[in-house]
Each structure stands twice: as C-alpha cells, then as structure tokens.
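Trainee: For the protein sequence lines, the chains are Y and D, in the order given. Residue 165 is where the first sequence starts when you use this note's numbering, and the numbers rise one by one after that. Residue 308 is where the second sequence starts when you use this note's numbering, and the numbers rise one by one after that.
Rather than coming from a laboratory, the hints here were simulated on the basis of the structure. No residue lacks a Cβ here, since even glycine has one placed at the ideal position from N, Cα and C. It is possible that part of the hints are untrue.
Said to hold, decoys possible - Here are some chain D residues pointing at chain Y (derived, C-beta under 8 Å):
id, residue
1, L320
2, D323
3, K331
4, I334
5, D427
6, C519
7, V577
8, R631
9, F636
10, E643
Said to hold, decoys possible - Covered, in the sense of this in silico footprint (three residues per stretch, anywhere, with C-beta under 8 Å from a C-beta of chain Y), are these stretches of chain D:
id, region
11, 450-460
12, 556-568
13, 586-599
14, 649-661
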Amino acid sequence: MKPADQKDESPVYQRVVLKNASPYHYMKVCLVLENESTRLSAVELKQFIITGLKSLYGEVGAALNFDVLKYDADTLTAFLRVYSRGLVKLWSSLTLLGSYQNQACAFRVLQVSPFLLALTGNSRELQLD
Amino acid sequence: MSVDLDHTPRCLLVSDRSSFLHEKNRINSQVEQLNFNYKVSLLLPECGSTPSHLDSMLNNFSTFYLIRKLPIYELLDKRFLETAVYQGCVYGLSYRTRIDEDICVALMPNGHLCLSLDKDSFQVLGVEGKASRFSHRTKSRYVVSVDMTESSMVPGGRGYLRLLTGLKSRLPLKSDFLLSHHPGGGASLQALLSRYDWSEHKPEVSTHALTCLSCPTQLTSIPPNFDPHSFLEWLGAVDADISCENSSCSFLSSLACPEPKTMLSQALRVSVCGLLLPQDILRLIQEIRCYLDQPQLQSWVALTVHGFVDSPVSWGGREHGALRGGENFYTLLMGEDHTYHLHLVTGAHDTCPP
C-alpha cells in the first residue's frame, strides 16, 4: 500500500523494435493422398514427417524438433511449429515427401509465418459466395 | 558454396507500451493507417457472454459491397469520383486476387488508386509507375500509384485520360471488387453499383465460449513479465483452438502456456470478418475502454486486427507484399487503467509499421 502523498507515475511511452527475433516458425500444411479415403492419425502424420526428415537429412535431421500443434483428420490439415533455424530443413523435407505406404502423396504448404496469430487471420479464406 | 539453411526472411515486431491518457500516444493514428482490415478478434477473460454494448458495436460494423467483374476503369468514372472519392473515405480492394501472382487493385480513402502489376501488364498499361521495392535482382513486380485528387487526374486532364485509355483499351482489367464507404454506406456508391452484379454483405460475427483456459498472469504489468513472442504465440493458440496443456515430453506437441500462469474458468472469443473500416475499430476500442472502466474479474482485454494479406498497400499507404505469409496485423492488449501494449507485426515485404 503506497503512501497517500505519493503521486502516481506519469504514463510513459516506450517502443521496442524486434527484427527476426521470433524463435519459432509456424506452418499450415495439408497432406494430399492418391487414395483420398486414406486417413492418418496425428501420431502417424508426425512419424511420416520424421521419416521424410531422415531420408533427406539423416539421423541428425530426423532429430529436428517440431510440434504438431493441431491436426484435422478429416481434411488432413495440420499446424506445425518448428524452430526458425530448422524451417528450411522441415519445409524441404515436406516438399520431397512423395509416397506414403506405396501411394503417391504431396504436402501442400498453405501458409508459413513466424507468428501463430497470422495463421488464424488469413484473408484468403474470406468466402462471400 | 555453402548455403545458410538457418536463414529465414525478415520479420518485424514493434511493441509499444503506453497509456491512452499519454499525450504522445499515437494509437488512433496507428489504427487509422491500416486501411484494409480483414478480421478483428477479441478475447474477453472471465466472460460468459458478450456484454450488450460491445455486442451491439460488433454487430454494427459497416456493411460492404462485393461487385463482380468490375472493369477497373469504372473507378475513374466522373460521377463516382465526385460523389464518393473526392468526399473521402471510400475503401476498395480487389477480391480473390493474389498479390504474388495476380494484378491487385486498392482504392484508399485519401483518393489514391494503387495497382500492383506484373511486368508485362505494367508495360502494356503504359502509365508511370515504379518497380516494387521488394523485387531486387529481377524486377518482376511494378506498382502504379495515382492520386485521383491531383490536378492532372481531374476528368479530362492529361494524366486522367492516359490512365483511362490504358485501363479501357490497352489493359482492360476486370476484377471482383470489395467496396465500402464511410460514413453514409452505399448511397454514394449506388450509381456504380447499379451498373454491375453486386451484393451487400454484413461482416460476419462469430462467438466462441472457452472454459478452463490457461492464461499468463499479470499480462498488463509494467514492465511486462513475458516476452511479446510468447504472448502472441499463446494468443494465436487461443484463437486457433490449440491446446496449451502439453507436457515437455509429449511426442506430438510441447506447446505450453507461458509461465507464470493461472487458470481462467471461462473466456469469450469473438471474431468479426469482412472488409472492416478503421473508424469502426476505433469505436470498438473506445467501447472496450468503457467496459474496462467497470469493475471486472480480470483487468485486460486483447484485441487483434488482421490486415488483408493480398492488399497492395499496408500501413499509411506504403507498399505491401506477400513473400511467404503477407502478415500485417496488430494486437492491442488493454488494461483497466487506460494502459496498453500494442504489438505491430509485418513480414519481409513490408516496411516498418508506424
């Protein structure tokens, strides 16, 4: 409890500019499979991406830590989080993943951003029809 | 030649901390400068339903119009210029055009018409413009920015006729177009709307009640006890319905709420989507300040405003592009004593926010 005669601090104005300071990057990806009725669980999806990292970057690459933040099993769409320094490795692994259990597949990278909030406010999703 | 695999494109996060009562705060100017807003998200802690005055405010955002296959030269129509553009406060943006692939058009409230074109289209159009500041070695993108209130752009003037001829015969651009006018709504736009297929739209409001939400404590403390990236990540997780209750050894995800944290028994997430005007957002901020003046269980409200990814302009009419994300948004965390933390975010193809 402050003394009655102590004045409140006057409001301050402070600005901080941070450049390239985001520790993580976030990706919204969608898996497209040859057989459209195939379904994967979140764990199977993460294991599949790890095999892609391993095939391109070896054991050290497969140890790259990334998170599957959210996964929709119906649309095979996932939100991924990876350290910024690992983004290029993860993205290139997704690009070169071509087959899942002997069927052709492709990862569509829908959006990439250093901020998770940006993935929830993409104006390309605006539907007015 | 070794390649730097750790490199990521430039992003900027500007964090302002001040008070609405401080004479140097520029919050009004910062909000007004982002002309084309797509989504407003509101997070109200310890709140089960939207307070009536906030609900009324959210449901009364200005309506906007979608004109299908609008020939862009119609934006130079003399009557449209006189009744709408010269009066100020017309907001127009091409719809379903991608800034990195297609031609994008924006009409700003100060009467500036901005076109973002690929190289071939720019050369065919034959109007003065500049190479995009974000294309370095190969100039693949050009920006034509015209002030329709200038003397040379008066109907019949030399600049006006050149642009009109370019858009009518050399490069007949047609695009679906979003249009809004403030104040007064569509009355001044009727002449233009009546000639084409158009529809009126009300911004879509959606509400989502949350229970048992982990939340960082002392969000509005001075100095802040969290770094802005952690706060924005937590807020993004709340907005996207992503769980923050993961242990560090979990296989799928280790995302967790920043510490120290508390548990909110309930919270309300409200979002509004459409072509949203800065004037409506400023009024919403005033209503939230009044809401926080009343006694509350929690002493803060978080407001996030997203700009359009494919707009050729961002804050203050400065050029905007989408390298990978095209993000241009801001988050305003308001406290009960009129203090605020404002976080402005832009991507690689943007200049520093104001």
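Trainee: Provide an ascending list of the numbers of those earlier hints which the structure does not satisfy.
Mentor: Going through the list in order, the structure violates hints 4, 5, 6, 7, 10, 11 and 13 and respects the others.
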